[in-house]
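As they're listed, the protein sequences go chains A and B.
Numbered by my numbering, the letters in the first sequence go through residues 1 to 492 in order.
Numbered by my numbering, the letters in the second sequence go through residues 1 to 492 in order.
Treat the hints as calculated values from the structure; they're not laboratory data.
Even glycine gets a Cβ: it sits at the ideal position worked out from N, Cα and C.
Nothing false has been slipped in among the hints.
Chain B stretches covered by chain A per the calculated footprint, using a threshold of three residues with CB under 8 angstroms from any CB of chain A:
no., region
1, 75 to 84
2, 94 to 108
3, 339 to 345
Number of protein chains: 2
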Amino acid sequence: MFEAAELGVEVDKQTWEAEAPKVRDALLQAQRDLAGSKYSCVILVSGVEGAGKREVVNFLLEWMDARGVQTHVMRDPTEEELDRPFYWRWWRRLPLTGRTAIFLGSWYSAAIVGRVFGEIKDKDLDQALDRAIEFERMLSQENVIVVKLWCHVSKKMQKKRFKTLEKDKATRWRVTRTDWKFFKHYDDFREVSEHALRRTTIGEAPWHIVDAGDARYRNLSVARIVIDAIRERIALDASPKKAAKVVPIAAAPPPKSLLTAVDHGVSVDRKKYEKRLPALQARLNDLVGRLPKARKSVVLVFEGPDAAGKGGTIRRLTGAMEAGSWEVVAIAAPTDEERGHPYLWRFWRNLPRSGRVTIYDRSWYGRVLVERVEGFCPPPDWQRAYAEINAFEEQLAEHGNVILKFWLAITQDEQLRRFKDRQTTPYKQYKITEEDWRNRAKWDAYEQAACETFEKTSTSIAPWVIVEANDKLHARLEVLKAVTSALEKALD
Amino acid sequence: MFEAAELGVEVDKQTWEAEAPKVRDALLQAQRDLAGSKYSCVILVSGVEGAGKREVVNFLLEWMDARGVQTHVMRDPTEEELDRPFYWRWWRRLPLTGRTAIFLGSWYSAAIVGRVFGEIKDKDLDQALDRAIEFERMLSQENVIVVKLWCHVSKKMQKKRFKTLEKDKATRWRVTRTDWKFFKHYDDFREVSEHALRRTTIGEAPWHIVDAGDARYRNLSVARIVIDAIRERIALDASPKKAAKVVPIAAAPPPKSLLTAVDHGVSVDRKKYEKRLPALQARLNDLVGRLPKARKSVVLVFEGPDAAGKGGTIRRLTGAMEAGSWEVVAIAAPTDEERGHPYLWRFWRNLPRSGRVTIYDRSWYGRVLVERVEGFCPPPDWQRAYAEINAFEEQLAEHGNVILKFWLAITQDEQLRRFKDRQTTPYKQYKITEEDWRNRAKWDAYEQAACETFEKTSTSIAPWVIVEANDKLHARLEVLKAVTSALEKALD
Numbered sequence: 001m002f003e004a005a006e007l008g009v010e011v012d013k014q015t016w017e018a019e020a021p022k023v024r025d026a027l028l029q030a031q032r033d034l035a036g037s038k039y040s041c042v043i044l045v046s047g048v049e050g051a052g053k054r055e056v057v058n059f060l061l062e063w064m065d066a067r068g069v070q071t072h073v074m075r076d077p078t079e080e081e082l083d084r085p086f087y088w089r090w091w092r093r094l095p096l097t098g099r100t101a102i103f104l105g106s107w108y109s110a111a112i113v114g115r116v117f118g119e120i121k122d123k124d125l126d127q128a129l130d131r132a133i134e135f136e137r138m139l140s141q142e143n144v145i146v147v148k149l150w151c152h153v154s155k156k157m158q159k160k161r162f163k164t165l166e167k168d169k170a171t172r173w174r175v176t177r178t179d180w181k182f183f184k185h186y187d188d189f190r191e192v193s194e195h196a197l198r199r200t201t202i203g204e205a206p207w208h209i210v211d212a213g214d215a216r217y218r219n220l221s222v223a224r225i226v227i228d229a230i231r232e233r234i235a236l237d238a239s240p241k242k243a244a245k246v247v248p249i250a251a252a253p254p255p256k257s258l259l260t261a262v263d264h265g266v267s268v269d270r271k272k273y274e275k276r277l278p279a280l281q282a283r284l285n286d287l288v289g290r291l292p293k294a295r296k297s298v299v300l301v302f303e304g305p306d307a308a309g310k311g312g313t314i315r316r317l318t319g320a321m322e323a324g325s326w327e328v329v330a331i332a333a334p335t336d337e338e339r340g341h342p343y344l345w346r347f348w349r350n351l352p353r354s355g356r357v358t359i360y361d362r363s364w365y366g367r368v369l370v371e372r373v374e375g376f377c378p379p380p381d382w383q384r385a386y387a388e389i390n391a392f393e394e395q396l397a398e399h400g401n402v403i404l405k406f407w408l409a410i411t412q413d414e415q416l417r418r419f420k421d422r423q424t425t426p427y428k429q430y431k432i433t434e435e436d437w438r439n440r441a442k443w444d445a446y447e448q449a450a451c452e453t454f455e456k457t458s459t460s461i462a463p464w465v466i467v468e469a470n471d472k473l474h475a476r477l478e479v480l481k482a483v484t485s486a487l488e489k490a491l492d
Numbered sequence: 001m002f003e004a005a006e007l008g009v010e011v012d013k014q015t016w017e018a019e020a021p022k023v024r025d026a027l028l029q030a031q032r033d034l035a036g037s038k039y040s041c042v043i044l045v046s047g048v049e050g051a052g053k054r055e056v057v058n059f060l061l062e063w064m065d066a067r068g069v070q071t072h073v074m075r076d077p078t079e080e081e082l083d084r085p086f087y088w089r090w091w092r093r094l095p096l097t098g099r100t101a102i103f104l105g106s107w108y109s110a111a112i113v114g115r116v117f118g119e120i121k122d123k124d125l126d127q128a129l130d131r132a133i134e135f136e137r138m139l140s141q142e143n144v145i146v147v148k149l150w151c152h153v154s155k156k157m158q159k160k161r162f163k164t165l166e167k168d169k170a171t172r173w174r175v176t177r178t179d180w181k182f183f184k185h186y187d188d189f190r191e192v193s194e195h196a197l198r199r200t201t202i203g204e205a206p207w208h209i210v211d212a213g214d215a216r217y218r219n220l221s222v223a224r225i226v227i228d229a230i231r232e233r234i235a236l237d238a239s240p241k242k243a244a245k246v247v248p249i250a251a252a253p254p255p256k257s258l259l260t261a262v263d264h265g266v267s268v269d270r271k272k273y274e275k276r277l278p279a280l281q282a283r284l285n286d287l288v289g290r291l292p293k294a295r296k297s298v299v300l301v302f303e304g305p306d307a308a309g310k311g312g313t314i315r316r317l318t319g320a321m322e323a324g325s326w327e328v329v330a331i332a333a334p335t336d337e338e339r340g341h342p343y344l345w346r347f348w349r350n351l352p353r354s355g356r357v358t359i360y361d362r363s364w365y366g367r368v369l370v371e372r373v374e375g376f377c378p379p380p381d382w383q384r385a386y387a388e389i390n391a392f393e394e395q396l397a398e399h400g401n402v403i404l405k406f407w408l409a410i411t412q413d414e415q416l417r418r419f420k421d422r423q424t425t426p427y428k429q430y431k432i433t434e435e436d437w438r439n440r441a442k443w444d445a446y447e448q449a450a451c452e453t454f455e456k457t458s459t460s461i462a463p464w465v466i467v468e469a470n471d472k473l474h475a476r477l478e479v480l481k482a483v484t485s486a487l488e489k490a491l492d
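Just chain A, with the same shape it has in the complex (with noise of 0.2 angstroms):
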């Protein structure tokens, strides 16, 4: 979920000095935008210490008109307050119609806290979550947008700023014992945290995880973020059409992603990968053959461009298991039958029983994928999807599935190649459609779906796995080797 944040995207300073008056602009216009609504806006500033969660309400603050706009650092709770239930605090700062509350910390944070020092156990964490997805479902149906920001920095980078802080006399004073108690506790928060963005990440108020490593980039982020909760939930008070159309300021593509990290070099000689491949196979089965004793299943899901290699790397799995023990589920346009109910409903049939592989070639993440990026779904269906699908894959992890989600990334020149290759072969001819073309030519939007996807999907008990795969040889070792170490994992 995290990984995301973690790429040390950096904004230089001419790209700021060309983008940051426009994305300004349109941060004013989207807050008249609001002024003249019925609707307003609380930004929620979460995330971990040391990400500059205090610059980004003095950055809002800056950018904004402030006249609309209040903000409130939550601290701990008054007398006043804890004379009282908990959402008190909150209903009191809620902004008026028009307006906008920005609140450095959440309603989440205590619970966090909580749970991260053992003060309170899991189902009372998940509680405090539920609770706070009602408040949120309530807000939204009354009228609030409600942006949920996480700014994001990684361990290393954590360590760094508080020891560049206490480096300098003048900024001693803005670490504190409780910021290096909190930085021992670093994975523990990583974990709980990514916990409870999945549980809340709902349709009507996902979690935006920030990158806040580069400052620039940090800012630019968060405005382009809050113009858009504005902008979209306005167009769709029009009309779902129109709110299709608003094309996010957002999306103008992040200097770097999970994508474009991607290191498209690298290759294996088939001398190595005949080596390999035999041996990784070999474990593969005998972990295969453990699973109905340990009543648990595997569920595979392969996504990833048209002729990334899917097929071939599923081909090399199922060829190192027995026969009985897996199952290949492709998945083509819906059935009649199938678009006659709801979207999981293919794939709750398609359910493994206890002790199998079940791969799919393509998946539940059509929805967010192709069902976006093609218009099939508005954008309030696909976006609760995110929520559902963790829901889904949850409920997988709970009864025992172990889940692993692999993105074969290919570069559009190797595509490229590969589609041209299969036009010329004669048994590769059927492979290539006119569709493949059409998808191609969305190859932006689909780039920027995926990473969303990997952002609001990837998760401790469900991850994604990037594969570099312009290299088929050594897409198939990087697939074996995630599948035969998580098995080793879960079987352990």
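Starting from the known structure of chain A, arrange chain B on it as the hints suggest.
Chain B only, in chain A's frame:
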């Protein structure tokens, strides 16, 4: 919550013969509308044992066009089902667009039974309930109409049914040892079920409690609920305005309701009143004085028709308490500022601190009473308000608030007498306005809205108390008695 379903309402044969053909026809029409729409329908038949759940299923099957209906008797999960996540058994039985699935049993049963017999804890139950909510929300957004029926009979009635069945050799087999085991836990069931129903009565899929004491009344109720659910949803699809105009067939006033069952003949003579009043007031004074130390607060809500005597009753309460220990919040039309926030905001902002008594002269129930009846808010908004209000009161209760909600019940004749009195008594004239007369014209609609409110929001943590108020003196004593006894219970 279940009180309204224990009134012993009966439909005589003659009424049945007049009503049944009309309702049956409407049910078939609703089914035809469904078949031509983008929706499907899921009917959950749940409730206490001995309430005739099986008969309800058979009845629906008899009246509906069997070609569009599939029935599922949900016994213990099969081995196949145990091999997959819990919801798989429900997913696989979801109806196709245009069709209906009737379930005997529901995704609630296991968790409720598990809690009653102590196999799971409160938090496990809540987790299961929250997952059910998520599931139903998803279904609703995916165009599945979810109708949740809860068939209820009183403990006495349950026992009687089991006994009657046992007496006859031919039906003896129907009563199992499990039935008697469940009977022993009737009170626990009631408590756990009430909690479950309160928490899961969401706008998208509310619970409908069916008084199952009389078969004819039960069947008519069930048919009407299904008809209304289908018609409302299909109309809503066309436009919220159109939906607001759908006259619910269930609106046919029930032969007996919590309000029509009120005995308006009771009265107390002034002498007795003047003796009892000071005694109760002294008791109240003492109890309220103990609140701060116990860190408890009290929330009292007063609702009822105009001129029901709310003001006078409230004064008898406040007259017994020290200044500073209480506050009366009179709810009129919302201010501009209040209108610019979610509707519960005005109540949150006035929440009392610990140790105090806050009395609401009219309240947040305006949303599901006056705003509903006068059409100030569209159906989806007041329908979701029940769940939001329950969640609000749950937070109050968790925070140590004792909550009582009073409905002062008077007859239409008595109201007329009091209106006339107000018009002719100079110092009372300010109390009567055009609006009062207008509201009076909608008496039945208000009573219906009130009864639905009792059904959906009267809970053990925040019960509704219906007070016979044709005799003011009697009403005042009743309210004082209820408040003092609730406080005694809470402080001991």
